[in-house]
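Let's have the full structure, built from the sequences with the hints guiding it.
2 protein chains.
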Amino acid sequence: ARPRVGYFLSSKPTQALVAEEIKKIKVGDVKGLPRAVKVNTSVYDAVVTMFLEDVGTLMVVDNEGYLEGVVSRKDLLKAAIGGGDLQKMPVSVVMTRMPNIICTTSDETVLTAARKMIEHEVDALPVVRPVEGQEKKVEVIGRLTKTTITRLFVELGEGGR
Amino acid sequence: ARPRVGYFLSSKPTQALVAEEIKKIKVGDVKGLPRAVKVNTSVYDAVVTMFLEDVGTLMVVDNEGYLEGVVSRKDLLKAAIGGGDLQKMPVSVVMTRMPNIICTTSDETVLTAARKMIEHEVDALPVVRPVEGQEKKVEVIGRLTKTTITRLFVELGEGGR
Chain G
51 ARPRVGYFLS SKPTQALVAE EIKKIKVGDV KGLPRAVKVN TSVYDAVVTM FLEDVGTLMV
111 VDNEGYLEGV VSRKDLLKAA IGGGDLQKMP VSVVMTRMPN IICTTSDETV LTAARKMIEH
171 EVDALPVVRP VEGQEKKVEV IGRLTKTTIT RLFVELGEGG R
Chain S
51 ARPRVGYFLS SKPTQALVAE EIKKIKVGDV KGLPRAVKVN TSVYDAVVTM FLEDVGTLMV
111 VDNEGYLEGV VSRKDLLKAA IGGGDLQKMP VSVVMTRMPN IICTTSDETV LTAARKMIEH
171 EVDALPVVRP VEGQEKKVEV IGRLTKTTIT RLFVELGEGG R
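Here the protein sequences come in this chain order: G and S. So for the first sequence, the UniProt record's numbering puts the first residue at 51; every next one is plus one. So for the second sequence, the UniProt record's numbering puts the first residue at 51; every next one is plus one.
In case anyone wonders, no lab produced these hints; they're calculated from the structure. Careful, some of the hints might be misleading.
[What the hints assert, rightly or not] With a cut-off of at most 27 angstroms between alpha-carbon atoms, the simulated DSS-like pairs for lysine-lysine come out as follows:
1. S/LYS166 with G/LYS73
2. G/LYS166 with S/LYS187
3. S/LYS186 with G/LYS166
4. G/LYS128 with S/LYS124
5. S/LYS166 with G/LYS76
6. G/LYS128 with G/LYS88
7. G/LYS73 with S/LYS88
8. S/LYS124 with G/LYS88
9. G/LYS74 with S/LYS88
10. S/LYS166 with G/LYS74
11. G/LYS124 with S/LYS124
12. G/LYS73 with S/LYS74
13. S/LYS74 with G/LYS76
14. G/LYS166 with S/LYS76
15. S/LYS166 with S/LYS88
16. G/LYS166 with S/LYS73
17. G/LYS124 with G/LYS166
18. G/LYS138 with S/LYS88
19. G/LYS74 with S/LYS73
20. S/LYS88 with S/LYS187
21. S/LYS88 with S/LYS138
22. G/LYS74 with S/LYS74
23. S/LYS88 with G/LYS128
24. S/LYS88 with G/LYS166
25. S/LYS76 with S/LYS187
26. S/LYS166 with G/LYS124
27. G/LYS73 with S/LYS76
28. G/LYS128 with S/LYS73
29. G/LYS128 with S/LYS128
30. G/LYS124 with S/LYS128
31. S/LYS88 with G/LYS124
32. S/LYS124 with G/LYS138
It should be emphasised that the depicted structure is a prediction, and the values quoted were computed from it without experimental measurement.
Here's what the structure looks like:
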């Protein structure tokens, strides 16, 4: 019998098709640039950087540029109402520190990364890659946020991806 | 001629099918509960409420419960590093005020609401409805955030919606 072209496709529930399309998208396809501060930056300067760069999460890197922490608007707000001297307090006091940071990689699916943000209640994930010959150290090569997901949702809804 | 069932569907590009499915979802289907403070609440108490309720945006309502403003983590962080007395400063000083608030409604599509969040660079929208006989006043009946969109994206990717 002649194969019925397209029949198999159309017999699938649309839900499954949507899920398949979403699973094709990799973090590397949509990731943004990471915004980072050095680990000895003050909380005050981190807040200023956050406003200047217009991001909700900053990566905190050591002197060699490797990921050491992540600091969110929420972390900084908590520090800011705590009453300490924000110009003297280093950001390392309030950041989430390696190895407790939830990360993603360029070849992970955006679906998996999005699930991590929901499960761990974070607004952004650093996109990292291992450093050759330096076990336990990672380099930050990007940033994936709930804004990235929202933008992607709009693109999908407009048929543009 | 006998209609070729499913043929039309399968001849559509998958992108268009995904877009169609996304356009079916209304704000009312996914909206969360609004979290609100009164307009005379201090910035300090608003921050505390934000942490207790674990939200990134609070609705600010007048004494009758109608929407008067919206305050984000970003607004509060800006106030917190400004150096004023946060216990004495009312949240109304730092909030975005009506009619400048970007809102959505239950019967709007989530796609349209998501596009508003991207275009206006906000993390959350109040879901509102008009008040009968009170022109220019609105009641807040929900909240749509980038977290809502991320959760929806995960559901779509898992084939669960």
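Structure-based check of each hint:
Straight-line distance between C-alpha atoms of S/LYS166 and G/LYS73 comes to about 25 angstroms, which keeps the hinted pair within the 27 angstroms bound. For the hint pairing G/LYS166 with S/LYS187, the CA-to-CA distance comes to about 39 angstroms; that exceeds 27 angstroms, so the pair is violated. For the hint pairing S/LYS186 with G/LYS166, the CA-to-CA distance comes to about 41 angstroms; that exceeds 27 angstroms, so the pair is violated. The hinted pair formed by G/LYS128 and S/LYS124 meets the criterion: a straight-line CA distance of about 12 angstroms does not exceed 27 angstroms.
With a C-alpha separation of about 25 angstroms, the suggested pair S/LYS166 and G/LYS76 falls inside the 27 angstroms cut-off, and the hint holds. Pair hint G/LYS128 plus G/LYS88 holds up; C-alpha atoms about 20 angstroms apart against a cutoff of 27 angstroms. For the hint pairing G/LYS73 with S/LYS88, the CA-to-CA distance comes to about 43 angstroms; that exceeds 27 angstroms, so the pair is violated. A C-alpha spacing of about 22 angstroms is found between S/LYS124 and G/LYS88, which places the hinted pair at or below 27 angstroms, so the restraint holds.
A threshold of 27 angstroms between alpha carbons decides the hint, and for G/LYS74 with S/LYS88 the separation of about 45 angstroms lies outside it, so the pair is violated. For the proposed pair S/LYS166 and G/LYS74, the alpha carbon gap of about 26 angstroms is at most 27 angstroms, so the pair holds. For the hint linking G/LYS124 to S/LYS124, the alpha-carbon distance of about 9 angstroms falls within 27 angstroms, and the restraint holds. The suggested pairing of G/LYS73 with S/LYS74 holds, with an alpha-carbon distance near 20 angstroms, which does not exceed 27 angstroms.
Between the alpha carbons of S/LYS74 and G/LYS76 the distance comes to roughly 25 angstroms, so the proposed pair stays at or under 27 angstroms and holds. Using a Cα cut-off of 27 angstroms, the hinted pair G/LYS166 and S/LYS76 holds, with the two alpha carbons roughly 25 angstroms apart. Proposed proximity of S/LYS166 and S/LYS88 is supported: the alpha carbons are some 25 angstroms apart, at most 27 angstroms. Restraint check for G/LYS166 and S/LYS73: the C-alpha separation of about 25 angstroms stays at or below 27 angstroms, so the hint holds.
For the hint linking G/LYS124 to G/LYS166, the alpha-carbon distance of about 18 angstroms falls within 27 angstroms, and the restraint holds. Distance restraint check for G/LYS138 and S/LYS88: the Cα-Cα separation of roughly 34 angstroms exceeds the 27 angstroms cut-off, and the hinted pair is therefore not satisfied. This hinted pair checks out: G/LYS74 and S/LYS73 have alpha carbons roughly 20 angstroms apart, not beyond 27 angstroms. Of the pairs offered as hints, the one joining S/LYS88 and S/LYS187 holds, with about 16 angstroms between alpha carbons and a cut-off of 27 angstroms not exceeded.
Our distance criterion of 27 angstroms between C-alpha atoms is met by S/LYS88 and S/LYS138, whose separation comes to about 14 angstroms. The straight-line distance between the Cα atoms of G/LYS74 and S/LYS74 is roughly 22 angstroms, inside the 27 angstroms bound, and the hint therefore holds. At roughly 21 angstroms between alpha-carbon atoms, S/LYS88 and G/LYS128 fall within 27 angstroms of each other, so this suggested pair holds. The hinted pair formed by S/LYS88 and G/LYS166 fails the criterion: a straight-line CA distance of about 34 angstroms is larger than 27 angstroms.
Only pairs whose Cα atoms come within 27 angstroms are accepted, and S/LYS76 paired with S/LYS187 is accepted, the gap being roughly 23 angstroms. For the hint pairing S/LYS166 with G/LYS124, the CA-to-CA distance comes to about 23 angstroms; that is within 27 angstroms, so the pair holds. As the CA atoms of G/LYS73 and S/LYS76 are separated by approximately 23 angstroms, the hinted pair is consistent with the 27 angstroms bound. Using a Cα cut-off of 27 angstroms, the hinted pair G/LYS128 and S/LYS73 is violated, with the two alpha carbons roughly 38 angstroms apart.
Distance restraint check for G/LYS128 and S/LYS128: the Cα-Cα separation of roughly 13 angstroms lies within the 27 angstroms cut-off, and the hinted pair is therefore satisfied. For the suggested pair G/LYS124 and S/LYS128, the alpha carbons sit about 12 angstroms apart, so the restraint of at most 27 angstroms is met. For the hint linking S/LYS88 to G/LYS124, the alpha-carbon distance of about 22 angstroms falls within 27 angstroms, and the restraint holds. Between S/LYS124 and G/LYS138, the direct Cα distance comes to roughly 22 angstroms. Compliance with the 27 angstroms bound is thereby established for this hinted pair.
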